[in-house]
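Q: Each chain, written out:
Number of protein chains: 2
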Amino acid sequence: MPNILRREDVAFWLYDFLDLEALSQLPHFADADRSVYDAILDSVEKIAEERYQPHAQKLDANEPEFRDGSVHIIPEVKEALDAFCEAGLMGASFDADDGGLQLPYLLQTAISAWFSAANWGTSGYTGLTVAAGNLLAEHGSEEQKNRFLRPMIEGRYFGTMALSEPHAGSSVGDIRTRAEPQEDGTYRLFGNKMWISGADHEMSDNIVNLVLAKIPGGPAGVKGISLFIVPRYLINDDGSRGARNDVRLAGLNHKMGCRGTVNCVLNFGDKDGAVGYLVGERHHGLQYMFSMMNEMRIGVGLSAAALAETGYLHALDYARDRTQGRKLTDRDPSTPMVPIIEHADVKRMLLQQKAYAEGALGLCFYAARLADELRAGDQAMQEKAGLLLDILTPIVKSWPSEFGLRANEIAIQVFGGAGYTRDYPVERFYRDNRLNHIHEGTRGIQGLDLLGRKVPMRGGASFKTLVGEIKGTVKEASGMADFADLAEALERAVDLAAATTATMAGKAEQLGQEAYLANATIYLDMLGHVVVAWVWLRQALAADGARADGADALCDGKIAACRYFFRYELPTMESQCALLARLDKTCLETPAEVF
Amino acid sequence: MPNILRREDVAFWLYDFLDLEALSQLPHFADADRSVYDAILDSVEKIAEERYQPHAQKLDANEPEFRDGSVHIIPEVKEALDAFCEAGLMGASFDADDGGLQLPYLLQTAISAWFSAANWGTSGYTGLTVAAGNLLAEHGSEEQKNRFLRPMIEGRYFGTMALSEPHAGSSVGDIRTRAEPQEDGTYRLFGNKMWISGADHEMSDNIVNLVLAKIPGGPAGVKGISLFIVPRYLINDDGSRGARNDVRLAGLNHKMGCRGTVNCVLNFGDKDGAVGYLVGERHHGLQYMFSMMNEMRIGVGLSAAALAETGYLHALDYARDRTQGRKLTDRDPSTPMVPIIEHADVKRMLLQQKAYAEGALGLCFYAARLADELRAGDQAMQEKAGLLLDILTPIVKSWPSEFGLRANEIAIQVFGGAGYTRDYPVERFYRDNRLNHIHEGTRGIQGLDLLGRKVPMRGGASFKTLVGEIKGTVKEASGMADFADLAEALERAVDLAAATTATMAGKAEQLGQEAYLANATIYLDMLGHVVVAWVWLRQALAADGARADGADALCDGKIAACRYFFRYELPTMESQCALLARLDKTCLETPAEVF
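As given, the protein sequences belong to chains A and B, one line each in that order.
Just so we're aligned: 43 in full-length UniProt numbering is position 43 of the first sequence, and the numbers increase by one with no gaps anywhere.
Just so we're aligned: 443 in full-length UniProt numbering is position 443 of the second sequence, and the numbers increase by one with no gaps anywhere.
Treat the hints with care, as some may be off.
Chain copies aren't distinguished; within one or between two, either way the pair holds.
[What the hints assert, rightly or not] In silico DSS-like pairs for lysine-lysine, Cα to Cα no more than 27 Å straight-line:
1. K223 x K145
2. K58 x K78
3. K475 x K464
4. K464 x K507
5. K471 x K327
6. K271 x K464
7. K507 x K327
8. K475 x K507
9. K585 x K327
Simulated from the structure, these hints should not be mistaken for lab results.
Here chain A stands alone, though its shape is the one from the complex:
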């Protein structure tokens, strides 16, 4: 059985749930249709199976190593990346004008999910390059795009995003890397960057680092941050590779998981300063970086969801194959043992994984569709998609990171002792997935972003739009005999979430912002559960609509997972709302000395 992703599931998400074909009616995407998408997915499936998955375990056991002055990575990684680039996949979602295929981001997201699930470590290099490329596509000058973006899309250059410094991670306004302006219009950068994935290796002709730094004399904090292109090698006027830039590897980080993606400490300006090219205007760097944050954060949630789903598929295979024990009603030890999938608790573990993994994937794909609408839709579509994406992004980033990890934890449990060994990949998925709550804004940061910024912004317009969408689904489902009970439960949940949100805002005026935000992380989980319940109901409705005549295991499975989620998971939001509504200050007020 396929165990990276299942093609029929992906087809369900793209076509039945999210109607990719309707999206391809938009002028921006009119050059391709389902036959093109399917041909690309054929090729993705083949490359993932033949080039990515086979070396995933070897890469994990042989992480990139710095010796003799350079970073060594097992050769299978470059072979896989070459296959990816040769298939044109680096340019999938870039505009044709920039050398891309101009395909929907929704399709690109399905592609990314496939490679993340097959081999997180190897897929990291292209994911970063696409993210950096998107930033250049949006904010780079024509010259910068020609010089840097085109070779990235061609797969000759790879990209990185360099924000953090040893003393400044979440607190990005406190970075110290400085960029000294030069007479020729370039800058010289001096400083240190930390946690930079993909920033040193020999697998591409060049590495395009997008670096946040401060120009001396600018405003303090986040308002004084500018964005620079700092390539590993300078580029000659004819486009050929020039001298080594003054950016050097200071060391590698050795991680619990995600070991295949090299993670670097970088020094800028050990000698004369690293040559950097300003992107856009001075002091607008963080704003440019954040203009891509929605897609970057969808990418994190997506990789968490993809790892959860592949873990689920591996556990499912094992549960169908492994025999152990007998039905509770069978006390005769001479009868043969049954496959463990026959045990109620194993079914529970499988349903829980499926509900988490496919709820998370459905959410991420939905967010990707919104990103397409924001990019290519008409004005009304853009407005609405923008409002929804604003409020959903912290959830799309965090919910899969929380519950996708839990799914991987359970996948190990289905395997028992075997799952705890490195003979099976589920322990690797679990280690890989633990990163997702940390990078691109920690879980705590996402909670503050959701409750502190996104919920109140524009008079609560994003929140109201989300509630309106959920109510639309409630209305649709409440008229259908098979789903009326779920519609009612979702309506209760969204009403409770809305009432709780209003209560919190009311009390905040009296108790202050610190109390309002003290449980922001719990708010994030709470609203996430409501949103995923909504996504599940929409998926169940889509499955019901797509059902072939007679039995249809895929549709039955989606509906079973939806019911599981409503019965076992959604009710946890009730006690969370009680806590949130009283602006519980237990944590806020516990003095540091008593821990």
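With chain A's structure known, arrange chain B on it following the hints.
A: Same frame as chain A, now just chain B:
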């Protein structure tokens, strides 16, 4: 700051919470008093810090290796184990008649917690030896005790427990290893064992494997299992080491964590059969094994709790040291950054870890005290302790495994990216702790044991005794102004748990045993939360009673964690009870084909 365990916390648990001094009034324990205990704890603390903790990371990175015909383990492990044995710690809880110190198991449990927290991998060898020794002490003949147990207590021989086989883990009745009786009264064993920790190495003169096997012609299933001593080396009549027995290493398992404890696949009888000595009577092997299961399962929960606590202490250190960002009320980027412990969400993460880790440790220590009462108390004490231990054991094993792991997950989050690297030990604690839900009976098995056996057994006597104890604490606390609200919440929770249990039993008659047990794992979590809330309230009362004049950070911390648990954690049991009370069949009835 000490980061293995804190001595003042251990003193709190032993003396303030569980009154070890009162226990030492029992005749069985009368030879030692607090001055002895404290001297032993001094020595434990020193050995853990100087001999165990320093090589924990090295051992994790250099797991035991099979080459040139033997298992190689870094020499620091044997040095640490030698120090442990030289301090007499292997015999701490064994009877003086068998060569032990005859100290309370409660003290032994504190010792184990310290070494598990310092270095799980190294501590595994002695933990297994003590467990195997306990089995021999209880069921071995005098000759077997002299021949095998005494050298184990002296630290010359190590022990193992060999139950599982490649095809039979949870389903132990299906083991196939056979023991052929010989004319001289010994047996010859043939078969394969899997997941045997500590079964092959060169660190002790001998390894005493306690092996489950079937004597041909016996009953099928669990009723035909016998227990054998199968030493790695035969022992000559003068006690010297004889020939190699026919038990051979077939391979090592390579785990995600707990890497330091060698885990083996064993072949018995590749040649003439492995010589084995029957323990007790034929076909009673599983019963003997299970007579020690309470303590073995307390040991698993304890190691999960100890890893959680040391992870918490490491995270606490980091949170006090690492600066990042500013108070929400401070928008001036030119002010210095604050230690992250000042942020409400970091306090939440610390309280959550503390509530999980110290709730779990309190629970395990309480269970250890019950084991002492069962062993050495008067008849009434024994009766009650036995009833409580029966119902608590699955919770003591599982609750720390579930929530201790969660605590380690959060410790990584407090560290951020740094916690995801192997430069800090929190990722190792997380990997180590993932084992605990798997060995000595999986989480699913514990749920079935609790709901299927322990709750209904003896007309519900265990359950009623537990409820009675909890109500006793409710009564005590309800008269105290500071704790009346907690008493009320606990009473509500235990009443709801009892009502739910009764409802389930009532419906089971109609809907059958499969439906009754379909959500046994959720019942395990639910009742676990009630029990830990009770343990927390008892700890809070003990802290309140032990409070020194004026400020007392330790006591304030216990009470803060207790309040956190009641406000943030306990309420989750309400939605679980709703699910349980309806005997939800969503999982049970989902067909295997739709996954």
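Q: Now, for every hint given, state plainly whether the structure supports it.
A: Structure-based check of all given hints:
no.: 1; hint: K223 x K145; in the structure: within (25 Å within a copy, 75 Å between copies)
no.: 2; hint: K58 x K78; in the structure: within (14 Å within a copy, 31 Å between copies)
no.: 3; hint: K475 x K464; in the structure: within (16 Å within a copy, 47 Å between copies)
no.: 4; hint: K464 x K507; in the structure: within (19 Å within a copy, 43 Å between copies)
no.: 5; hint: K471 x K327; in the structure: neither (42 Å within a copy, 37 Å between copies)
no.: 6; hint: K271 x K464; in the structure: neither (54 Å within a copy, 76 Å between copies)
no.: 7; hint: K507 x K327; in the structure: between (53 Å within a copy, 20 Å between copies)
no.: 8; hint: K475 x K507; in the structure: neither (31 Å within a copy, 35 Å between copies)
no.: 9; hint: K585 x K327; in the structure: between (48 Å within a copy, 15 Å between copies)
The structure fails to meet hints 5, 6 and 8 from the earlier list, while all remaining hints are met.
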